[in-house]
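Number of protein chains: 2
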Amino acid sequence: MSYRAPLKDIQFLLHKVFNAEENFASMTLSEELSEDLIKAILEEAGKIAEELLSPINQAGDKEGCGFDGGKVSTPQGFKDAYKDYVKGGWSGLTGDLDYGGQGMPKVISALIEEMFFGANSSFCLYTVLTTGAALTINEHASEELKETYLPKLYQGIWSGTMCLTESHAGTDLGMIHTKAVPAKDGSYSLSGTKIFITAGEHDLTENIVHLVLAKLPDAPFGPKGISLFLVPKYLLNAEGGIGAKNNVSCGSLENKMGIKASATCVLNFDDATGFLVGDLNNGLSNLFTMMNYERLSMGLQGNGLAESSYQIASAYASQRLQGRAPSGPEYAEKAADPILVHPDVRRMLLTMRSNILAGRALSLYSAFHLDISRMHPNKKIRARSERLISLLIPVQKAYCSDKGFEACVLGQQVLGGHGYVSEWGLEQNVRDSRIAQIYEGANGIQALDLAGRKTLRTKGAQLNLLIEEMDKFISANNSKKEMKFYLSKFSDVKSLLVEMTTLVIKNGSNNPDEIGAASYSYMELMGLTLYCFMWQKIILATIEAEKSGQDDKAYYDGLIGVGNFFFDKLLPRSISLAEEIRAGAKSVMNATFEQF
Amino acid sequence: MSYRAPLKDIQFLLHKVFNAEENFASMTLSEELSEDLIKAILEEAGKIAEELLSPINQAGDKEGCGFDGGKVSTPQGFKDAYKDYVKGGWSGLTGDLDYGGQGMPKVISALIEEMFFGANSSFCLYTVLTTGAALTINEHASEELKETYLPKLYQGIWSGTMCLTESHAGTDLGMIHTKAVPAKDGSYSLSGTKIFITAGEHDLTENIVHLVLAKLPDAPFGPKGISLFLVPKYLLNAEGGIGAKNNVSCGSLENKMGIKASATCVLNFDDATGFLVGDLNNGLSNLFTMMNYERLSMGLQGNGLAESSYQIASAYASQRLQGRAPSGPEYAEKAADPILVHPDVRRMLLTMRSNILAGRALSLYSAFHLDISRMHPNKKIRARSERLISLLIPVQKAYCSDKGFEACVLGQQVLGGHGYVSEWGLEQNVRDSRIAQIYEGANGIQALDLAGRKTLRTKGAQLNLLIEEMDKFISANNSKKEMKFYLSKFSDVKSLLVEMTTLVIKNGSNNPDEIGAASYSYMELMGLTLYCFMWQKIILATIEAEKSGQDDKAYYDGLIGVGNFFFDKLLPRSISLAEEIRAGAKSVMNATFEQF
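So the sequences go chain by chain: A and B.
Counting with the working numbering, you get residues 1 to 596 for the letters of the first sequence.
Counting with the working numbering, you get residues 1001 to 1596 for the letters of the second sequence.
If you are wondering where the hints come from, they were derived from the structure by calculation, not from laboratory data.
By construction, the Cβ of each residue, glycine as well, lies at the ideal position given by its N, Cα and C atoms.
Just to be clear, a hint being listed does not mean it is correct.
Have a look at the derived ranges for each label pair, beta carbon to beta carbon [claimed, not checked]:
id, chain 1, residue 1, chain 2, residue 2, range
1, A, D279, B, D1557, 20 to 30 Å
2, A, K484, B, N1282, 53 to 63 Å
3, B, G1251, A, G241, 47 to 57 Å
4, B, S1318, A, K87, 44 to 54 Å
5, B, S1318, A, N255, 20 to 30 Å
6, A, E139, B, A1554, 48 to 58 Å
7, B, G1222, A, S34, 54 to 64 Å
8, A, N282, B, A1335, 49 to 59 Å
9, B, K1039, A, H168, 33 to 43 Å
10, A, S285, B, G1251, 29 to 39 Å
11, B, G1251, A, S2, 18 to 28 Å
Taking the hints into account, I'd like the entire structure generated from these sequences.
Now the structure itself:
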C-alpha cells in the first residue's frame, strides 16, 4: 500500500482552523498566498510524496546504502527521484529570495515535510539537512559565503550536512576534539572525526557542504570554545564551480535500526579546508536558530510516519475479516466481520488519529509562530512569537515524535502478525520513526530544556505567554454552548499545568535534581495540554463549518468523534502525570551508582 | 556486551520472596528440590545463556536464516549451540518422567526460559515450540503417539511446531481451510497452507513434529469443527526411526522485523500423512493447556529482553561521560560526569528495573500456580490454582510483553544515537521483543479474554480468588509498621481494581461493546495492580532479610529503592486507567466505517 497525501485534513487545518490567509496577510511575504495558490502547491507536493517518494520507500529500506572505497551510493531510484525533486524547485522553497530561494513560509514547508517524511523518511532527510544548513549559512555566514553557497543549495545541486557529534561527545558538545587551525589565507584547517552524520556522503549532488563544529587550538574550555565552519566536499575553482577534492572522507556507514536508505556517515577531516561561519567561539549559539527548525522537522517525521501507518492500518481493519462484532454479526453474508467492528481495534486507530490531527495542528501552530517571529512587521509581535517558539519547539519535537512512534507501534499491532513481517511496511515505519525520538537532541534533553532553561530559568514567564493564548481562546468562546464541555476539560488541564509549573519551579529552585526528575512527565503534561488546546481549535472550526451549512457533514462529525475520543480516553493521562511530578526526585536520586 | 544471567535477583525471588522449597515440598515432585540443587541447575542454565547463546545472538540477527530449495539453514553457530543444549539435557527438563522427561516444575524452566530468551530469543524459540508441542502430545495424544514421539522430543533429537494460522485466519481460527481426509489405515491426509510457523523448517534436528489444526470434510462450521493432527516431517519406519519424507514442505520464509534467526515458515501440506491428537472436532480446546504455557513464555521473552537491555543500558550510563550533574560535578577530575547522575537517565533505568523485577515475580507467581494446578495432591487446591491461572496468564502475557518492549525502547533511549545503531544490540532487543506483544494471541486479544471470558462471564468469580490472595497478604502483614506505607498504596489500587471490575461487568452486561472498549485499560490496571502486589512481596522479603541480619545491605536497600520508585512514579498510572474505563464505549463506537 502506498502513501496518500492527507490533503483534506491538511486543508481543513490550514484554512478553517488556522485561517492561513489572514495569518499570512499580516506578515511581510514575498507574494500573496491565496488559498488557491497554497492548494496548488500542496497538491503538487502531495503528488511528489505519492508518486515519487512512496514507491521507492520499501525498496530503499531493503537495499540500504552502498559503501565502497569511501563512496556512498543511495538505493536504486533515489537519484532519479532527487532529480525530479530538484527540477520541481522544492529544494529552495523556504530559501532567502536574495539568493534564489522562494521565500515561502515555514507553515507551507512544514506540511510538505510531513508528507515527504511520511512517504519516505530516508529520502526526506537528504533534503531537510540541506534546508537546515542553508538556513544557518544565511543567518550567520559572510556575504561572500552566502553568495557562493546559497544559490546552489537552494537549487538542490549541492546538499548540506550538520557535523556536530563525535564518538565521545553527543549531548555534551563542549567535549568535542575536532581542531581548526587558522591558515594564512583566512581559512582554517580542520582535523577530527565526526559520527552520525546524516547525508555526510552520497551520490545525489555534485557537492556537499558540511557545517562543522570545531575548536581552535587556543579556544576556551567547554561549549564556549566551539566555532562553526563551512567545509565543502569539493573546494571551488575560481569560477565558483567544482574544484579540487577537499580532505574530507567518509570512513564508514552506520548499520542501524531504520532510515536505512539515509546514509549515516563517519566523516574524517584531515587538514580539510574550512571557512568560519559567524563569530569565533560562538558556534553553538549560531546553531540555535537552525535547531528550532530541525527539531520541528523531527516532530513532523513522527507525525508523517504515524499518518502513513494510520492509512495502512485503517484500510486493513476495514478489509480484514476475523470474528464477529461483540453484539452479533454486522456482515452476516460474509465469512466474518471486518476487524474494525472490534472496540479495541477502534481504540488503537482512534488513538493514532486523534494524536495525528493534534500533532499536525501543534506543528502548524509552531510553524506559524516561527513565521511570525521572522516575518511580522511588528517587532514586539515578532519577539513574542520567538519566546513562544522557544517553549513550543521542545514539546513539539519530543511529544510529536513520541506519539508518532506510539502510533506506528499501534498501527503494527492492528495488523497482528502481518504487521511484524515486512510486506505491509508497518514494521519499517516503527523502525524509521524511532530515530525521531533520538536525534536532534534526544527527547529527554528536550524535556530538560523545557523544564529547566525554558521554565525554571524564566520563572515561568514563557509559559505565561502560552497561557495567555489559551485564556484568550477560552474567553472568546466561553459563551458558545457547544464548546462548554470541551472548554471545561481544557480549563482543568490548563490549571493542572499551571499548578505543576509552580511546583516544578519551587522544587527546582531548592534542588536542581527536582527539575530533571520532573522533566519528562512535565513535558508530557504540556504536550497533552497543547494537544487539548489544538483539539479545542479543531472542534471550534468544525462546529463553525457545520453551522455555516457547508457540505461534508460526515467528515466534520467524524472529526468531532475523534476529538471526543481524545477527551474521553487520552486526556485522563494528565492526572497521573501530575501525580508523577508531585512525587518529586527522592526515589529517583536515592540509589547509589552500585545499585544500578 | 554480552548477556549476564541475573542469578542473584532470581535466587532472591525464588527463595526469599516465594519460598520455593516450601512450595515445592507441598507438591508431588519426582525428586526433592533443595535450594542447592535449584541453584546448581540455574547456574548451569546461566552459563548456557552467557557462553553459548549470547555470543551468537547478534551474528544470528545479522545473518538470518537461509532458504534454498525448500531447505532452511539456521545461522552460523546455531547447530553447534543446539547440540550442546541437547547434550546438557535441557530439552526434556519439564517433560513427563514416563517418557524420558525430567519432570521439573515450570517455575524452574520459566526462569531458564527468561534467561535463554534474554540471551538469544531466536534460538530459544526453537526449544520453546518443542516444549509446547510435547506438552500437547502428552496431554491429548494416544499412548502410541506418546511412546513414539515424546522421548525423541524430550531428547531434543526431534523438534516440534504449532501450525495454527492461515493467511486469512489468525485470531479467528474457525475460518481455517486446511482439510484432513480420513484414510483407510486410521491416519489422515492433510492439505492446506499454514503461515507464520515458527521453526517450521530448519537444520537443527533430524525430524520435525508438526501439530496441525485442520477440518474434516464434513466438520461442523466454525471453531467447533477443528481437529488437531500430528504431522511429522519424516514418517517413521518400522523401527521408529526416520522413514520416508512426508508431504510437508516449506514454501518460503517470512521477512520480518526481528527474531531473524528464528525461521518463520510458510508450510504447505499436500496430502501429508497425519495422526489425530485427542478427539475429533476438539482441536481448539486441546490447545488450551498448551496455550497457558506458551503465553507464559511470551511474557518471559519480554522480561528476558528487558533484562538484557537493562544490563547494557545501566552499564553504559555508568561509563558514558557527558555533561555534569545538575547540582555540580560529581567527578570533577573527569572530563564529565557519567550520565547516570542525570535524574532523567535514572528515571528510564528505574522504570526498566522496577518492571523487570515485578514482571519476573509475576511470571514466577503464575508458574507456581501452573505447577500447583498439576502437581498438588489436593484436588481443590489444584482446581483453585487452575482458575487463578486462567486469570493470571492473559495479564502476564500482555503486561510483561508490553512492559518488556517498553523497557527495550527505554534502554535504547539511554544510549541515544548509540542505541539506534546495531553495535550495542539494543535496537535488536527492541525488534526482537516486539513480537512477544503479537504472537500467541495479540495483546488486545489477551485483554479481551481477561475482561470478557475471565471476568464478565464468571461475574468476577476468578478475580475474587485473586483478591482473596491479596487480602490474605494484607492481613498477614498489616501490623508491620515498615509495610504500612506500601500496604496502603496496595489497598488503594486493589479497591480501584475491584471498583472497575464491578463497573465493567455492569456495563458489559448491558452492552457487549463496553467490554472491548474497556478491555485494554482494564488489563493494564490489573497488570499494574499485580506488579504492585509483587512489589509488596519483594519489599516484605527485603525487610525480613535485613532484619534477620543477613549481609548484602546495599543490595536490599537497592531493591527497596527500586520499589519506592515504582510506588512514586509508576503506580499513579492507575488513576488515569480508571478514568479511561469510566469513559465507557461511546466515543469508541460512535464513528462510522467511512469515518476511519
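Results for each hint:
1. A:D279 to B:D1557: 20 to 30 Å: violated (51 Å)
2. A:K484 to B:N1282: 53 to 63 Å: The hint (53 to 63 Å, Cβ to Cβ) holds, given that A:K484 and B:N1282 are roughly 57 Å apart.
3. B:G1251 to A:G241: 47 to 57 Å: Holds, at about 56 Å.
4. B:S1318 to A:K87: 44 to 54 Å: Cβ of B:S1318 to Cβ of A:K87: about 52 Å, so the range 44 to 54 Å holds.
5. B:S1318 to A:N255: 20 to 30 Å: Holds, at about 25 Å.
6. A:E139 to B:A1554: 48 to 58 Å: Given a distance of about 52 Å, which is inside 48 to 58 Å, the answer is holds.
7. B:G1222 to A:S34: 54 to 64 Å: holds (59 Å)
8. A:N282 to B:A1335: 49 to 59 Å: violated (22 Å)
9. B:K1039 to A:H168: 33 to 43 Å: holds (41 Å)
10. A:S285 to B:G1251: 29 to 39 Å: Because 60 Å falls outside the window, the suggested range is violated.
11. B:G1251 to A:S2: 18 to 28 Å: Once the Cβ atoms are compared, 27 Å apart, the range 18 to 28 Å for A:S2 and B:G1251 holds.
Hints 1, 8, 10 from the list above are not met by this structure, while the remaining hints are.
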